[in-house]
Amino acid sequence: MIEAKNIYLSYDDNKYIIKKGNFTIKQKEFIFIGGNSGSGKSTLLKSFYGDIPLKHGSLKIEGQEVFGIGGKKLRVLRKDIGIIFQDYKLISEFTIEENIMIPLKINGYSNEVSRDQANKLLAHVRLSHRAGYYPNEISGGEQQRVAVARALAHNPKIIIADEPTGNLDDYSAEVVWNLLKGANEQLGITIVVVTHRVPKNLGIKFRQLSLEDGMIYEVS
Amino acid sequence: MKFLKNIFAFLIPLTAMLITFSIYLLIDNVVVNYKQRIANDYSIVIITNTPLIKENINTLAGIDVEKIQTLKKNRIINNIKSNLSDTSIKLLKRKLPNFYQIFLEEFPTTTQLEKIKNTLLQNKNIRKVEVFSKDHNQTYLLLVLLNSITFILFFIITIFAIIIIAKQVKLWFHEHSTKIAILRLHGASILYSASSVLNYAILSSLFSFIIVGAFLYYVSSNMMVIFPYELMDIIDVKIDFYNELFKLFILSFGISLFTIIGVLLKYKINND
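The listed protein sequences correspond, in order, to chains A and B.
If you read the first sequence in the working numbering, its first letter stands for residue 626, the second for the next number, and so on.
If you read the second sequence in the working numbering, its first letter stands for residue 3, the second for the next number, and so on.
Hints in this document: simulated from the structure, not taken from any laboratory.
Computed from a prediction, not measured in an experiment: that's the story for all the values here.
From the three backbone atoms N, C-alpha and C, an ideal C-beta is built for every residue, glycine too.
Treat the hints with care, as some may be off.
Said to hold, decoys possible - Partner residues aside, some chain B positions facing chain A, computed with beta carbon under 10 angstroms: (1) 181; (2) 184; (3) 187.
Claimed, not checked - Far from chain A by the CB rule (all over 10 angstroms, computed), these chain B residues: (4) 7; (5) 42; (6) 54; (7) 68; (8) 144; (9) 180; (10) 226; (11) 232; (12) 235; (13) 256.
All chains should be modelled from the sequences, with the hints used to inform the complete structure.
Next up, the structure:
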């Protein structure tokens with residue numbers, strides 16, 4: 626569960642990107658956050674995993690207050706979250722399989738267990754044949770599927786996705802949406818997605834928030 | 003090859019520092035050995051009014067007293083008795099003060115000698131002190147000077163080495179910044195995130211240690227490489243190879259870890 630009360634976010638003290646942000650995201654919900662470019666969607670997402678500190682207010686992720694968080698508490702919080710970035714953020718010197726193993730190894734799983742789980746996920750995202758490849762040897766769509774697999778690897782409570790289909794063709798985008806839908810429906814993972822375009826015919830119940838002039842509105 | 007290129011800027015200053023340190027260790031060993039040798043032959047003679055209680059003098063100028071030997075009065079009288087009558091000898095035996103020879107565990111420096119003399123003369127019971135300062139060995143002083151110069155050189159090179167090593171570690175951090183950031187976003191600790199940088203540092207330290215260890219082994223088996231034959235005739239040049247190797251190991255990894263921890267802390271402060 627994510628609970629924001631009167632949050633303020635900014636990169637400097639002069640201008641707030643998010644003002645008086647109030648919203649609640651319940652467990653197992655599928656949420657889209659929309660808004661124009663520069664409206665602060667990505668900034669809001671970053672605050673969920675403590676990449677941008679809150680200026681004021683209270684933001685609780687799974688009961689953990691994010692305001693002023695740091696050190697071990699922040700590490701523990703991040704272990705509960707799966708993140709999907711628009712630019713994939715795969716580690717170039719790791720193979721596809723090793724990239725998926727990252728959250729598992731950080732969570733203390735052995736190499737054997739991590740590799741086994743990574744291979745299951747690779748099969749799930751239909752990339753088993755690419756296990757030994759490096760990120761620069763596969764397409765953007767495939768890289769994003771790897772990123773989704775990595776986000777799912779350690780069975781997080783929440784998956785946060787920042788424009789996950791922004792750079793993808795229609796086919797790859799559909800694969801990514803289906804993976805996120807499956808994670809929400811079958812594993813009960815809360816999904817928060819920042820996107821310009823909410824996919825049509827997603828076939829799942831979702832809620833939409835919108836950002837405008839630093840304010841957060843409920844759309845539907 | 004790429005790996006060697008990567009660690010080159012770390013390896014060179016660390017190796018230079020360790021080589022200077024091993025040279026310092028060799029010279030220090032020479033000084034210690036030489037000091038020990040001349041300390042065995044060196045003693046201070048004191049003359050006291052009443053017999054000396056040995057327990058009263060345990061240390062002099064911070065140097066442990068190895069033993070205090072009484073110089074037999076008869077021996078002294080024997081040297082001069084040919085010109086003396088029996089009565090004079092008896093009188094002399096009664097009036098003659100007590101003579102002692104003090105052996106120290108270490109060979110003192112000139113300053114320490116002066117301090118020793120003053121300390122002894124403060125004792126009302128002691129009439130005269132002979133420290134034989136003129137015999138104080140010039141070779142020893144030169145070796146001490148050389149030892150100090152080598153240490154200063156080692157100290158300066160260490161400072162420069164730490165600066166260069168820290169710069170290289172920062173460069174590695176920069177090269178791996180994306181990877182470190184991604185791992186941190188997934189909840190990894192700074193140590194886990196920077197494990198590749200740590201691996202570079204540990205391997206560089208290991209290579210450096212092996213290179214300098216080999217150098218030390220070669221020099222310790224072929225001392226004439228750095229010490230002339232003439233010097234080896236008068237100074238016992240021998241080192242405890244494994245002990246010195248251990249010191250090199252500690253320094254090599256200690257400096258690397260110290261620098262890495264410094265850079266890590268700075269990174270943590272800036273990014274947390």
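Hint-by-hint comparison with the structure:
no., hint, result
1, 181, "holds, 5 angstroms"
2, 184, "holds, 5 angstroms"
3, 187, "holds, 6 angstroms"
4, 7, "holds, 16 angstroms"
5, 42, "holds, 60 angstroms"
6, 54, "holds, 66 angstroms"
7, 68, "holds, 57 angstroms"
8, 144, "holds, 55 angstroms"
9, 180, "violated, 7 angstroms"
10, 226, "holds, 49 angstroms"
11, 232, "holds, 57 angstroms"
12, 235, "holds, 58 angstroms"
13, 256, "holds, 26 angstroms"
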